[in-house]
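> Chain by chain, the residues run as shown.
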Amino acid sequence: MSDDASMNDIQEPIASAPAEIREIIERVLRAEKEKLYMKIPRNINDDILKIIKEAIQ
Amino acid sequence: MKLISIQFCNFRQFYGKTPEIFISCVGRNTTIIHGNNGAGKTTLMNGFTWVLYERFTAAFAAEEQLVNKRAISEAEPGKAVPCWVEVVFEHDSKRYQVKRLCRAYRNEAGISHGKSELYMMIAGDEGRWQPPPPPQQPVDIINRILPESLHQYFFFDGERIDHIVREEKKAEIAEATKELLGVEVLERAIRHLGEAKKSLETDLRGIGDPATKKLLRDKQKLEREMEQLAKRQAEIEEELLHQAELKKTLSSRLLELGGALQLQSLRNELETQRELIREQLKQANEVLQRSISTRGYTVLLSPAMAEFRGIVDGLRERGELPAGIKRQFVGELLERKRCICGAELTEGTQAHALVHAWMDKAGMADVEETALRMLTQVDEVEKQVPEFWGEVDRQQANINQWRAEISRIETQLDDTKKKLRNYPDENVSQLQTRLDEIESKISELNREAGSNKQQGESLKANIEGLGKQIDKLKMNELRQALAQRRIAAAQEAVERLTEVKSRLEKQFRLQLEKRVQEIFSEISFTPYVPKLNEKYELSLVENTAVGDAPVAASTGENQILSLSFLGGIIDRVREWSKKNTLMGPDSSTFPIVMDSPFGSLDEISRRRVARAIPRLANQLVVLVTKTQWRGEVAEEMKDYIDREYVLVYNSPKPDCEEDGIELNGERYPLVRQSPNEFEYTEIIEVGYGF
Chain G
130 MSDDASMNDI
140 QEPIASAPAE
150 IREIIERVLR
160 AEKEKLYMKI
170 PRNINDDILK
180 IIKEAIQ
Chain F
5 MKLISIQFCN
15 FRQFYGKTPE
25 IFISCVGRNT
35 TIIHGNNGAG
45 KTTLMNGFTW
55 VLYERFTAAF
65 AAEEQLVNKR
75 AISEAEPGKA
85 VPCWVEVVFE
95 HDSKRYQVKR
105 LCRAYRNEAG
115 ISHGKSELYM
125 MIAGDEGRWQ
135 PPPPPQQPVD
145 IINRILPESL
155 HQYFFFDGER
165 IDHIVREEKK
175 AEIAEATKEL
185 LGVEVLERAI
195 RHLGEAKKSL
205 ETDLRGIGDP
215 ATKKLLRDKQ
225 KLEREMEQLA
235 KRQAEIEEEL
245 LHQAELKKTL
255 SSRLLELGGA
265 LQLQSLRNEL
275 ETQRELIREQ
285 LKQANEVLQR
295 SISTRGYTVL
305 LSPAMAEFRG
315 IVDGLRERGE
325 LPAGIKRQFV
335 GELLERKRCI
345 CGAELTEGTQ
355 AHALVHAWMD
365 KAGMADVEET
375 ALRMLTQVDE
385 VEKQVPEFWG
395 EVDRQQANIN
405 QWRAEISRIE
415 TQLDDTKKKL
425 RNYPDENVSQ
435 LQTRLDEIES
445 KISELNREAG
455 SNKQQGESLK
465 ANIEGLGKQI
475 DKLKMNELRQ
485 ALAQRRIAAA
495 QEAVERLTEV
505 KSRLEKQFRL
515 QLEKRVQEIF
525 SEISFTPYVP
535 KLNEKYELSL
545 VENTAVGDAP
555 VAASTGENQI
565 LSLSFLGGII
575 DRVREWSKKN
585 TLMGPDSSTF
595 PIVMDSPFGS
605 LDEISRRRVA
615 RAIPRLANQL
625 VVLVTKTQWR
635 GEVAEEMKDY
645 IDREYVLVYN
655 SPKPDCEEDG
665 IELNGERYPL
675 VRQSPNEFEY
685 TEIIEVGYGF
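Those protein sequences? They're chains G and F, same order as listed.
Here the first sequence is numbered in our numbering, starting from 130 and rising by one per residue.
Here the second sequence is numbered in our numbering, starting from 5 and rising by one per residue.
Because the hints were derived from the structure by calculation, they are not lab data.
Because the structure is a prediction, the values reported are computed rather than measured.
Every clue listed holds true.
With a straight-line Cα cutoff of 20 Å, these simulated DMTMM-like cross-link-like pairs (lysine to aspartate or glutamate) come out:
| no. | chain 1 | residue 1 | chain 2 | residue 2 |
| --- | --- | --- | --- | --- |
| 1 | F | K182 | G | D138 |
| 2 | G | K168 | F | E58 |
| 3 | G | K179 | F | E205 |
| 4 | F | K421 | F | E273 |
| 5 | G | K168 | F | E199 |
| 6 | G | K182 | F | E205 |
Ranges between beta-carbon positions, derived for each pair:
| no. | chain 1 | residue 1 | chain 2 | residue 2 | range |
| --- | --- | --- | --- | --- | --- |
| 7 | F | E205 | G | A144 | 21 to 31 Å |
| 8 | F | N547 | G | A144 | 29 to 39 Å |
| 9 | G | S145 | F | E205 | 19 to 29 Å |
| 10 | G | S145 | F | E522 | 30 to 40 Å |
| 11 | F | P137 | G | P147 | 30 to 40 Å |
| 12 | G | S145 | F | P137 | 30 to 40 Å |
| 13 | F | V550 | G | S145 | 37 to 47 Å |
| 14 | F | R221 | G | P147 | 30 to 40 Å |
| 15 | G | S145 | F | R209 | 28 to 38 Å |
| 16 | F | Q224 | G | P147 | 35 to 45 Å |
| 17 | G | S145 | F | E231 | 54 to 64 Å |
| 18 | F | A465 | G | S145 | 50 to 60 Å |
| 19 | G | S145 | F | G691 | 51 to 61 Å |
Even glycine gets a Cβ: it sits at the ideal position worked out from N, Cα and C.
Produce the complete structure using the sequences and hints provided.
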């Protein structure tokens, strides 16, 4: 497998997810990344619950 | 992170404000800084780590003595000596100016240092500088761009770089690598999604099990009962009509038969009277009910009213009622400062105090007013008591009278009917018997209809109650289904992210290993191969006939291995972040600032390292001594060098041996005699008219 193909393969489980699951994953990763610099990310559980509730209505 | 410049003020060897050192970037991406031992190369590199992370490398001794000694000794006692480093960098089309400042004070007890403060200004495309928008903190912004845990990859001491592959550092480096890749982001996302899922499951339990089906069944059963009841009621009504018709027919036939006419008239008259009196009885009962519900309470108030009168009498006896004087009146006297007797009421005089004392007594006026109003009401209530009893007695007498009357009429009716039943004419007798039967039947049907009506009302209420419960449960079912979908979505997200993490860890590691092997073989002339295990721990092996055998690597080999590892990581992470903005670092531009990169390498390795490192990172800052900057190194790097600086060490030692370096055909001093009693370092840019 070429480097490029294998890089894409890593993210395949996200790319192939149904739209709403992909939305949750992408938004959760962004939220986690924003708070990565904190050892204990403040209010992250609330942020994630909000993301799930907004994506699945 | 693209480094733009660094500038010092009173930081260690640098006295006063130095010129800015500009860091090369595109194309020729390498900046070389020349300096002899002690001139400030390590200081310069630690300038970066101090500003950005308030951290120092292991080679940086006496961390607490940051402020330039000359600046302190020249300062007036008690006056602050500022010491700062300012770094400008670019990230994501924004320019950041970061400055860390600390102050030192010279006083009688010695030198004291204040805490360091971090300042940040940000400029966007329009070029206007402003502080970070709240609530963002400068430390957080820097950490988002280049996390602190990773700084050792980008700012390091070449002589100690082999530590990266030493046993005790392996776990730390492995963790930092994972963070750089975004594995930490994935792990946190998986963990927190799991927690969110748990919380959703708790919500679901709160909603409860839906018992809608059972309730629907119950409701249907009740509705069927209701239908049957309604059908029966219709039947009864029909039957009643039929019986009434029959009664009418029989009565008229009875009339036709004659003879019994008088008895019949009497019977009809008695029946009419009975209906009339029944109606009167009903009315009397209603009047009685109304009286009890509107005035019945009055008879229960006697003890409370007696108590109230006792309280009022008590007040009267004590002379507290009537109050006789109003608070407002006393207030006005005090305000006018003159009594009704003409005496002056000045504050502080006895006359004023006497009149003022009336304010408290005057307060009783409210009580008096209320007491009077209540006394009138109590009198009124007391008057109602005998009226109420009179009404009750009257209605009771009426009821008793009507009841006796009905009883009398019914006896007469029974008597008349009996006479009719026993009438000598058989037809009359039979007809009367038949009529009696019909009446009995009508009465029975009426009773059933009444009972059915009550049952029907109760059924209707039950059905309505069930309907409401079912509506509520249906709403709950929707909420439940939603909660279940959310739980399933969280679960699926966790599973997919776990798979991504597993693929990332495996495939990224394999690619990284491949890249590290490539770089290593470019630099090293040994046949050894770097291996990266599942924990991202790096080792060197030798391919033998019986498989891979670990190599006892020399310091030089370990240096090359570490450099290859760093180069590999930067290269692969850069590629990864270009394709992946979700997990990986925001940056696809990475600088490397290396102090003494050639450590204990031999000539061939130095040449190879020199050839490789400018290609490892987007930007390269190399700090070198004159001996490290030898022919082969300068030759290999010349095509990448954009800017060069010389750190000129001014020594206060009277007989110091001066030194210099020739760069681009010009000689620059490295060590020279200080013009005063202090040691300090100047920064000179090469090629700018020294």
